[in-house]
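Chain by chain, the residues:
Number of protein chains: 2
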Amino acid sequence: MHLLIFLTTVKHMNKPRTAITPTRDENYAEWYQQVIRAADLAEASPVRGCMVIKPWGYSLWENMQRVLDEMFKATGHQNAYFPLFIPLSFLQKEAAHVEGFAKECAVVTHHRLELNAEGKLIPTGELEEPLIIRPTSETIIGDAFSRWVQSYRDLPLLINQWANVVRWEMRTRMFLRTTEFLWQEGHTAHATRAEAVEETMKMLHVYGEFAEQWMAMPVIKGEKTAGERFPGAEQTFCIEAMMQDRKALQAGTSHFLGQNFAKASGIQFLDQHGMHQHAWTTSWGVSTRLIGGMLMTHSDDDGLVLPPRLAPTHVVIIPIFRNDDERARVLEYCHGVANELRQQRFGNRNLDVIVDVRDERGGDKVWHWIKKGVPLRIEVGPRDMEKNSLFVARRDLAHKDKQSIERNTFIATVSTLLQTIQDNLFARANAYRKDNTKQIDSKEDFYRYFTPERDDPNLPSPIHGGFASTHFGGDIELEQKIKNDLSVTVRCIPLEHTEAGTCPFTGKPSKTRVIWAKAY
Amino acid sequence: MHLLIFLTTVKHMNKPRTAITPTRDENYAEWYQQVIRAADLAEASPVRGCMVIKPWGYSLWENMQRVLDEMFKATGHQNAYFPLFIPLSFLQKEAAHVEGFAKECAVVTHHRLELNAEGKLIPTGELEEPLIIRPTSETIIGDAFSRWVQSYRDLPLLINQWANVVRWEMRTRMFLRTTEFLWQEGHTAHATRAEAVEETMKMLHVYGEFAEQWMAMPVIKGEKTAGERFPGAEQTFCIEAMMQDRKALQAGTSHFLGQNFAKASGIQFLDQHGMHQHAWTTSWGVSTRLIGGMLMTHSDDDGLVLPPRLAPTHVVIIPIFRNDDERARVLEYCHGVANELRQQRFGNRNLDVIVDVRDERGGDKVWHWIKKGVPLRIEVGPRDMEKNSLFVARRDLAHKDKQSIERNTFIATVSTLLQTIQDNLFARANAYRKDNTKQIDSKEDFYRYFTPERDDPNLPSPIHGGFASTHFGGDIELEQKIKNDLSVTVRCIPLEHTEAGTCPFTGKPSKTRVIWAKAY
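Going down the list, the protein sequences come from chains A and B. Its first residue numbered 1, the first sequence is counted upward by one per residue in the working numbering. Its first residue numbered 521, the second sequence is counted upward by one per residue in the working numbering.
To be clear, the hints were calculated from the coordinates, so they are not data collected in a lab. For every residue, glycine included, the Cβ atom is placed at its ideal position computed from N, Cα and C. It cannot be assumed that every hint is accurate.
Here are the simulated distance ranges between beta carbons [what the hints assert, rightly or not]: (1) 96(A) x 537(B): 43 to 53 Å; (2) 712(B) x 357(A): 14 to 24 Å; (3) 439(A) x 673(B): 49 to 59 Å; (4) 424(A) x 948(B): 50 to 60 Å; (5) 420(A) x 586(B): 30 to 40 Å; (6) 791(B) x 388(A): 41 to 51 Å.
For lysine-lysine, the following DSS-like pairs were computed, each having C-alpha atoms within a straight-line distance of at most 25 Å [to be verified]: (7) 640(B) x 263(A); (8) 613(B) x 120(A); (9) 434(A) x 483(A).
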């Protein structure tokens, strides 16, 4: 017998059965794909690198959008919509931006199709100037801002756009890196450097609050080093989260653009003294990537685990019966409970409750909802009814860990229970990050930390390493060398500074530790 | 003096001053553009045929989206998201669809940009198969449905998508016809013809209800003739509204696609008897065009008039004061009123109230909000305060028609007042349509009705004609001839049938009257 098959078989004999194959330990990348498939979140499309976001996945995005949109509006921003197309010449306006974004873009060159002699459609009507599908909108929004901003009275200008963008990625992965993705991009213009910096930090904190309070995903807020900065930005800030393979996910960015884009696009205003000034701008964004991050923060070997505050459905009720008479009575009881639960509030909305009346076996229904990550599952049979109780299971605990709870007690306390689950998910992710973050003070320890013990190209890469917290006094070249050696980068210089110290790579003094990790 | 200038001058001497120049009567098409500009709804972009939707305009779309999305979900639909790109070969799958949509499309042919020797960006990385920016998504969604639908248990499949689409239009007009626009497209699949037809009609009625109850825009629900059908549909239904130039606006469509797209995309299922069947599909959509329709239904020569149920802001409060002391007292009073108003509910949300504290003259503020269409304006000076009253103006009445209302009475009855405005706008639009719809029973009357009395190419076309209700027994060729002669088309065969009669063009018997008009 081939060794790999043998090992796998032995493993399977000893481990408990899981709904997802392979498990995280066996093959993390494949586990990720299988969780998406089992929860029916999305699927690959016939268009290279583009995905179809299916209803369960899209409802996660809708829930994220609703909360973020409220946060943006509460901080004074308004939504607007700008063209999908960017004239090629616009991309050339900002030098660093050209380097960073004018590479892998979808380019529209024709505006017409005609049937040729063989009845095949062919592109005709060549455009004088090719159009780029926006990879990000600094240049096209900058053009509008240059018209909207005339006087200091027009500032600050605080705009957000919900949109699709396209970056022609070579290696794609659902939600994490797709050719087309959905996002929001905030774009603001200010009269002073200080105000623009304040805006940049404010939105970073909005992202941090959203990630931690709503996604239950702990993040480190920090600044990017020069090598990881947004092309054209003076400073880039980010929130970085740890996934369960201990890699980092950049979950949101907020850029202080200085006057670079204002100069490139001509965003000028007359100040109080009648002098022409260039505005100071920012931009900030999060995308459908957050769905991948949320998945990888909480899910387990039985599938998706959703933080209750963003779950499309909070509670699923599964009726258990043996005959039509029982069915009628149990269903009535279930719908009664569901209706009362729907009056309860949690987070920013009323509870969403499903009574699963599908014509399937009870066990199949239970696993269906486990894989979809619904926070609370209730099974109700005739005996539960007689006791006026409910058989309740929490998605964040082991699936056999069920509890009988008196009906009215459950209804009265369900929002507390959901918050308990939310808190537990956050605490668990936080503990995982803490357990896998190491202070490192020598180059040797650093290289050892990021080198897997087993490195067989025939096996999936084992989960190893994590976040390393080191002092750093190096430059872009040294960062690049470490990246080449280990595929590890500085994820950020955390806003919360540590003690000063010495860089283990250069021996130079360092003001604060930085966070290193492999990253998505 | 040139006659035209002279006439214009005379006209200006006699008519009351209006905030919008020209007026509807003087030049309707230009009036439309100026209302958009004065309300700051949108502007042209540097990309041909694409517009920038500015915050006030976008908030109208957000309000429409919120209501429609709830209506779609209440009728069992779920949102999902499909790729922006459609492989060229997909467009060729449905023959009629090729004819109708594979014409003016944005075609992506390259996926890379490189700087050439002169430092200019040039497209490289030619795609093996060009990609089309979706003009509509039947083909790409059909491909997904062919995977999602396997058994009769998977039906009905009720999906909606909010998205941007691109149709390379030669003549564009803001909101009404733009190269890129925002819309929703519903796509559903059913096991039987009857169920698909029922869905088609259900969504037509949803659109009708939305137009009339929310936009205060009366619509005729009907079926399109063969010549005006969606390419690939078996039947197309529509809602048609009358604008203030008496032209028709097709405001929403709902298509019964038969099995055409199911056959083209291979959407098949196993029925209860184990037989393979093609599904029956529908699609239905409304777009940002609705904003243009709402504008043209209600606005007047002073600018935008918004139906309260979709207005971003329901009430604006303008403080009037002469000095700092008055300013402080008046502002406190205004904010107090605003906060109480914000507790009131109207339509699907709490009142949105702005206290206009900008450093501008009171008169300028008043006209600013008139042009933006806010339903209720309140002016508050020291004397109003002393009387504990508010000086209230309704946007649907003459701008000088103001009323002093006791503070608490106003707050207690504001939602009733807003509904009165909503109802008044609907009644007014309904009366306008009635006054400009004519039953016509001879060809001569028909041709006269649609021929302007003055037809000087140097003058803007005068407002004339309207809806004509005639019997019709003709075919596509006759429709085409009338279109060539008069630019008039059958807008729809109303669902509500009239008495039977005789076609004035052919003398053939006709079961019901149809509605003719010039159209956007």
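Results for each hint:
1. 96(A) x 537(B): 43 to 53 Å: With Cβ atoms ~51 Å apart, the hint holds.
2. 712(B) x 357(A): 14 to 24 Å: Holds, at about 22 Å.
3. 439(A) x 673(B): 49 to 59 Å: holds (56 Å)
4. 424(A) x 948(B): 50 to 60 Å: holds (58 Å)
5. 420(A) x 586(B): 30 to 40 Å: Between residue 420(A) and residue 586(B), where Cβ atoms are some 32 Å apart, the hint holds.
6. 791(B) x 388(A): 41 to 51 Å: holds (42 Å)
7. 640(B) x 263(A): holds (20 Å)
8. 613(B) x 120(A): Holds. Residue 613(B) to residue 120(A) sits at ~11 Å (cutoff 25 Å).
9. 434(A) x 483(A): holds (23 Å)
This entry satisfies every hint, going by the numbered hints stated previously.
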